Amino acid sequence: MRLKGLTLGLAAAVAATGIAAPAVQAADTQYFPLFTYRTGPYAPNGIPSANGIADYFNYVNLKHGGVGGVKLVWEECETGYNTKKGVECYERLKGKGTTVVFPYSTGITYKLIPNADKDKVSILTVGYGRTDASDGRVFPWTFTTPTTYWSQASAFIKYIGAQEGGMDKLKGKKIALIYHNSAYGKEPIRTLELLARKLGYKLTNLAVNHPGQEQKATWLQIRRERPDWILLWGWGVMNQVSIKEATNIGFKMDRMIGVWWSGAEQDVVPTGDAAKGYKAGTFHAAGSDFPLIKDIKKVVYDAGKGIPGGDKYVGQVLWNRGMVNAIFATEAMRAAQKKYGVKVVNGEQMRWGLENLNITAERWAELGLKGFMQPVKNTCADHEGNGPVLIQQWDGKKWNIVSDFITPMREVVRPLIEKSAAAYAKKNNITPRKC
Amino acid sequence: MFYREAGQFYTSYAKDQGIFQLRQDKYGLWGILFIAFIVVPVGLYLMVQGGLMAASTKDYLYNSIFLLLLVNSMAALGLNILTGYCGQISLGTAAFMGVGAFTAFKFSTGLNYRIQHEDDAGELVSQLVPLLPAIDNPILLVLIAGAVTAVVGVIFGLPSLRIKGFYLAVATLAAQFFLVWCFSRVEWLYDYVSSSTIQIPPLKLFGLVVTGSETVMRDGQQVTIYPAAETKYLICLSLVVFFAFVAKNLVRGRIGRAWMAIRDMDIAAQLIGIRPLATKLLAFAVSSFFCGMAGAMSLIFYLGALEGAEAFNINESFSVLFMVIIGGLGSITGSFLGAAFITLIPIFLVVVLPWLGGQFGIPVDAAMVEHIQFMVFGSLIIIFLIMEPLGLARLWQIGKERLRQWPFPY
Amino acid sequence: MGEFWEFVLAPVLIFESWQFGMEVVISGLLAGVMYSLVALGFVLIYKASGMFNFAQGVLVLFAALNLAGFIGLGIPIPLAILLTIGIMILFAVVVEYLILRHLVNQEQIILFMATIGLAFFLSAFGETIWGSDVKKLDIGIPQGRFEPFGIQIQYLELTAGAVAAALVTGLAIFFNKTKIGRALRAVADDHQAALSVGINLRTIWIIVWAVSGIVALVAGTMWGAKSGVQFSLSEIALKALPVLILGGFESIPGAIIGGLIIGLGEKLAEVGWGPYVGGAIEDWFAYILAMVFLVFRPQGLFGEKIIERV
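Chains as they are written, first to last, in numbering that gives the first Met the number 0: chain A, 0 to 434; chain B, 0 to 409; chain C, 0 to 309.
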């Protein structure tokens, strides 16, 4: 009675095997799968992110002939920000020589973490993912470089404190958190609550359901609470609507701070000028005013070798962040090549490279990104690098950095991370590594 | 000539009532089970050993295709009982699957609850206290998940006595949205983790690792044992096959007939002495039992870790409804065919389209593939509905008729 | 007052500050109108063809995408609107030709599934043509707010309310005063009888789909002005469904009144009870509210009475 089902299944299986069979890896190419979401509700954010990675890889190939003489090859797999599709992509592509993945989705990250050590594939989550995975002793294969949501939340509080004229001034202040009702949106709550107990501000948490097209009730509550500051932890259309609603009710935009995923060009487009003054976190500079980015424009796009229609994204916030992903991967690869004396790097070597990632200020300058980011240095126990956060502000035309690098409250965040990671280790019978 | 009943006589009542009255059907089924249980695992194993296939391809087939197919089949079976046999359209399938997944998770960690108190320094100290010993048998977890979901299903089935047709369909969305909200809002459900994601702890069955990993000392060395994809596949397959038989026997018995009577005309059914409330609620209970098991299987075997609101969103509900309709309403076989169709076509297209584009020298990027895939998928559904509204099960029936006559004209 | 009563009465206690209470009421009603705009399209098609058109949400997206796309190409706004209307009419013809006429007399659930198939196709088709970027849609709807008696009201929402009122009046005139409208009502009442008096069912379907395409364009413009035009726009269909069952599938006034009740109910619930239970309850609250209504009136507030016979 299930004949047809199975025949169909087998037919598809055979077809899949024929095509998904391991491409025998050419001796001098390094393979990267890219999980993209160029379609679906989060596509406006997904496109520049994916382009950033692909454009940098492309640039490295065109300009330097790859990393250490090894050409980079990459393959996109569309997930539509859907975990199941992401899993399918991962399983299909992992056998092709994958050493590191950029899941670009919290859901997919959570799903992949338990498999990482079995598959010998590192998970590089730049500014998202599972925060407690920064503890390299419990999560040797997961990297949250260069900073995490918890660090960011604490940095925001520090920034607000500074703006109010001292941390002691926070007492009695009202801060509202408007967040995407998902694993991603909930990440900062614990940290913010803990800090509220310590510093005495009043925290109001307001959840917004996916997709966040309709937020009237949320903003009515803002009208009632009249918070001094708003933190926005949104994604996709939710950001645009939140920013618009904030301007509609006449909230002072420079007292509204978005997470780094709520602070891209796309998020302020429908509001345009009215969003002037809106702030957002980030961990790298904005804009294309860096030698490397200009060179990418020249080498990739001016030569007509870029992604069709992709040049308008170059230098955008999310594009820059995609490029940071790619730089971390290639720098780790370079380090691994040097350490192991190989050309094509395998999974374990890539992991070593990421764990010993050390991009100094000089190295950033060498890459053509002087002042773009703070130095990043991972260690065996700490996969977060060092994690300073910047605040950028929208001036109606472009994003500008308006703060110095803010060091997160590591003394608060790190114990939280370690505690959470230890609980995870206990639940899953993992013996933490000695570092 | 391949499918003839000539010479097959029913000489006893038992034979006359058999599920598979024809020898061909019976052998066919045994053949399929033989392939599914033995040929596939052994064959794939040998292919990997013989170097014909990469180990990762084998993992891919199991982890991304076979397991998903089995989970979906189970869910489709469940919904088909409710929609196909009892005529109650439900758009809350995914939420019921979610109830199953969260039940499995809670029982696998011992139904933890949290005690919080302030210590001397004024810091909040919280502690998780288990209520029951944790269960580490995956099959038991799946069954418990089914049972709990059945109860939840009955509660949300109550309005079905008053509300009918599409009004009921939309009303079941209340269950969908409410339960999904619970998955992200009731902290107890996800053991109070900050991100509301759940992850199944290490489980074992007959000493075999099913989820998580185990580190053992072997010859003085630490060896980490990971779950074999085959283990998961065989457990899921056994569950699905067993419950498919249960479903088949339910629907051809008294209960099934009562369901169908309600489906075809509930007032008439009432007149012949079928109690609509009990019958409908039983359908909700059985259907939810299956869906709950599917959800638990999805968490334990397929995903491992998930976020309730994302994994069981409304689109999942629609896709299960698709399976049931494309496969054939009121057909157990159809549930499997529909699940296969809806699960495999998109994957098939994703794999084939770039290759096809390559053949004609047209570069097809990932986004384009996704767009074309949606368009082809949407069109296929419409074409199917126009060509054969009764679903794949009906096509299969027609195919059998043809086989019976072929090559003779009649 | 005990904590329990404070919780139970939370949506009423909002009115302790009457300005804030009024603000919640007005926002709720206006949000409801926005839902009604989407629900109207559903009702039109259901009335004329018994088809529960799940693609309505995607239709809203598709219409808005076309409009924003044309404007983005530099076409003047009035022309862009005309072009979009043309596309919606063309779309109706194609749908009738390729889908509807082949599905005559099928069961409702089959029709429903076909519209989901259509939704898949159309959303991907729209994105293929116009791309997945956020598009700004600005056709001169006034932005900003005014504050009589300290109650804040957004111009955009007020405009939406006015547009909805105009739309419903227009539809009412169309249905009651024109020949086509009478034919439409005849079809809605009884397909067979309508056929027998010489009404061309196919033409009627095309007209109905075209009209609901235009209604979708209006809804898409209003929503698009709020959040920009992007894929998520198609998901507002889910916000329109409770409106639909509350008002009844066949009733145009039902869609409006249902929208007002749902909008008001969910805002009061979210603002009142939300803070106690962690918030984000409005999605399911709308459905539960509609379901409670249904238990008492299984055909919706204004739906046609279901008469059951053996």
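FYI, nobody ran anything at the bench for these hints, they're computed from the structure.
Quick caveat, the model's predicted, so the values are computed rather than measured.
A couple of the hints might just be wrong.
As the list claims (entries may be wrong) - Part of the chain C face toward chain A, derived, beta carbon under 7 angstroms:
{"hint": "1", "residue": "Asn104"}
{"hint": "2", "residue": "Ser131"}
{"hint": "3", "residue": "Asp132"}
{"hint": "4", "residue": "Lys135"}
{"hint": "5", "residue": "Ile152"}
{"hint": "6", "residue": "Gln153"}
{"hint": "7", "residue": "Phe230"}
{"hint": "8", "residue": "Ser231"}
{"hint": "9", "residue": "Glu269"}
{"hint": "10", "residue": "Glu303"}
{"hint": "11", "residue": "Lys304"}
To be verified - Distance condition first, Cα-Cα at most 20 angstroms in a straight line; then the derived EDC-like pairs of lysine to aspartate or glutamate:
{"hint": "12", "chain 1": "B", "residue 1": "Lys163", "chain 2": "C", "residue 2": "Glu303"}
{"hint": "13", "chain 1": "A", "residue 1": "Lys117", "chain 2": "B", "residue 2": "Glu229"}
{"hint": "14", "chain 1": "A", "residue 1": "Lys173", "chain 2": "A", "residue 2": "Asp253"}
{"hint": "15", "chain 1": "A", "residue 1": "Lys197", "chain 2": "B", "residue 2": "Glu122"}
{"hint": "16", "chain 1": "A", "residue 1": "Lys418", "chain 2": "B", "residue 2": "Asp135"}
{"hint": "17", "chain 1": "A", "residue 1": "Lys396", "chain 2": "C", "residue 2": "Asp137"}
{"hint": "18", "chain 1": "A", "residue 1": "Lys201", "chain 2": "B", "residue 2": "Glu117"}
{"hint": "19", "chain 1": "A", "residue 1": "Lys117", "chain 2": "B", "residue 2": "Asp190"}
{"hint": "20", "chain 1": "A", "residue 1": "Lys119", "chain 2": "B", "residue 2": "Asp135"}
{"hint": "21", "chain 1": "A", "residue 1": "Lys201", "chain 2": "B", "residue 2": "Glu122"}
{"hint": "22", "chain 1": "A", "residue 1": "Lys251", "chain 2": "C", "residue 2": "Glu146"}
{"hint": "23", "chain 1": "A", "residue 1": "Lys304", "chain 2": "B", "residue 2": "Asp364"}
{"hint": "24", "chain 1": "A", "residue 1": "Lys197", "chain 2": "B", "residue 2": "Asp119"}
{"hint": "25", "chain 1": "A", "residue 1": "Lys426", "chain 2": "B", "residue 2": "Glu213"}
{"hint": "26", "chain 1": "A", "residue 1": "Lys425", "chain 2": "B", "residue 2": "Glu213"}
{"hint": "27", "chain 1": "A", "residue 1": "Lys418", "chain 2": "B", "residue 2": "Asp190"}
{"hint": "28", "chain 1": "A", "residue 1": "Lys418", "chain 2": "B", "residue 2": "Asp118"}
{"hint": "29", "chain 1": "A", "residue 1": "Lys275", "chain 2": "C", "residue 2": "Glu106"}
{"hint": "30", "chain 1": "B", "residue 1": "Lys163", "chain 2": "C", "residue 2": "Glu249"}
{"hint": "31", "chain 1": "A", "residue 1": "Lys197", "chain 2": "B", "residue 2": "Glu117"}
{"hint": "32", "chain 1": "A", "residue 1": "Lys251", "chain 2": "A", "residue 2": "Asp272"}
{"hint": "33", "chain 1": "B", "residue 1": "Lys163", "chain 2": "C", "residue 2": "Glu146"}
{"hint": "34", "chain 1": "A", "residue 1": "Lys311", "chain 2": "B", "residue 2": "Asp364"}
{"hint": "35", "chain 1": "A", "residue 1": "Lys62", "chain 2": "A", "residue 2": "Asp253"}
{"hint": "36", "chain 1": "A", "residue 1": "Lys433", "chain 2": "B", "residue 2": "Asp15"}
{"hint": "37", "chain 1": "C", "residue 1": "Lys176", "chain 2": "C", "residue 2": "Glu249"}
{"hint": "38", "chain 1": "C", "residue 1": "Lys304", "chain 2": "B", "residue 2": "Asp118"}
{"hint": "39", "chain 1": "C", "residue 1": "Lys135", "chain 2": "A", "residue 2": "Asp272"}
{"hint": "40", "chain 1": "A", "residue 1": "Lys425", "chain 2": "B", "residue 2": "Asp190"}
We put the CB at the ideal spot given by N, CA and C, even for glycine.
Against the structure, the hints:
1. Asn104: Result: violated, 28 angstroms to nearest chain A Cβ.
2. Ser131: holds (3 angstroms)
3. Asp132: holds (6 angstroms)
4. Lys135: holds (5 angstroms)
5. Ile152: Violated. Min distance 10 angstroms.
6. Gln153: holds (6 angstroms)
7. Phe230: holds (5 angstroms)
8. Ser231: holds (4 angstroms)
9. Glu269: holds (4 angstroms)
10. Glu303: violated (30 angstroms)
11. Lys304: This interface hint is violated because 32 angstroms lies over the 7 angstroms limit.
12. B:Lys163 - C:Glu303: Holds - the C-alpha atoms of C:Glu303 and B:Lys163 are around 13 angstroms apart, at most 20 angstroms.
13. A:Lys117 - B:Glu229: Cα-Cα ~16 angstroms, so holds.
14. A:Lys173 - A:Asp253: holds (15 angstroms)
15. A:Lys197 - B:Glu122: holds (9 angstroms)
16. A:Lys418 - B:Asp135: violated (25 angstroms)
17. A:Lys396 - C:Asp137: holds (18 angstroms)
18. A:Lys201 - B:Glu117: Measuring from Cα to Cα gives roughly 19 angstroms; hence the hint holds.
19. A:Lys117 - B:Asp190: The hint is violated at about 26 angstroms.
20. A:Lys119 - B:Asp135: Distance of about 27 angstroms is beyond 20 angstroms: violated.
21. A:Lys201 - B:Glu122: Given that 20 angstroms is the threshold and the Cα spacing comes to 17 angstroms, the pair holds.
22. A:Lys251 - C:Glu146: Distance of about 17 angstroms is within 20 angstroms: holds.
23. A:Lys304 - B:Asp364: holds (15 angstroms)
24. A:Lys197 - B:Asp119: Holds, at roughly 15 angstroms.
25. A:Lys426 - B:Glu213: Status holds; Cα separation ~12 angstroms.
26. A:Lys425 - B:Glu213: It holds: about 13 angstroms lies between the C-alpha atoms, which stays within 20 angstroms.
27. A:Lys418 - B:Asp190: holds (15 angstroms)
28. A:Lys418 - B:Asp118: Answer holds: A:Lys418 to B:Asp118 is near 17 angstroms, not above 20 angstroms.
29. A:Lys275 - C:Glu106: violated (54 angstroms)
30. B:Lys163 - C:Glu249: holds (15 angstroms)
31. A:Lys197 - B:Glu117: The hint holds at about 13 angstroms.
32. A:Lys251 - A:Asp272: holds (14 angstroms)
33. B:Lys163 - C:Glu146: violated (45 angstroms)
34. A:Lys311 - B:Asp364: The hint holds at about 18 angstroms.
35. A:Lys62 - A:Asp253: violated (41 angstroms)
36. A:Lys433 - B:Asp15: Distance ~69 angstroms between A:Lys433 and B:Asp15 Cα, so the pair is violated.
37. C:Lys176 - C:Glu249: This hinted pair holds, its Cα atoms lying about 19 angstroms apart.
38. C:Lys304 - B:Asp118: violated (63 angstroms)
39. C:Lys135 - A:Asp272: At roughly 12 angstroms apart (the allowed maximum being 20 angstroms), A:Asp272 and C:Lys135 satisfy the hint.
40. A:Lys425 - B:Asp190: Holds - the C-alpha atoms of B:Asp190 and A:Lys425 are around 14 angstroms apart, at most 20 angstroms.
The structure does not agree with the numbered hints 1, 5, 10, 11, 16, 19, 20, 29, 33, 35, 36 and 38 stated previously, though it agrees with the rest.
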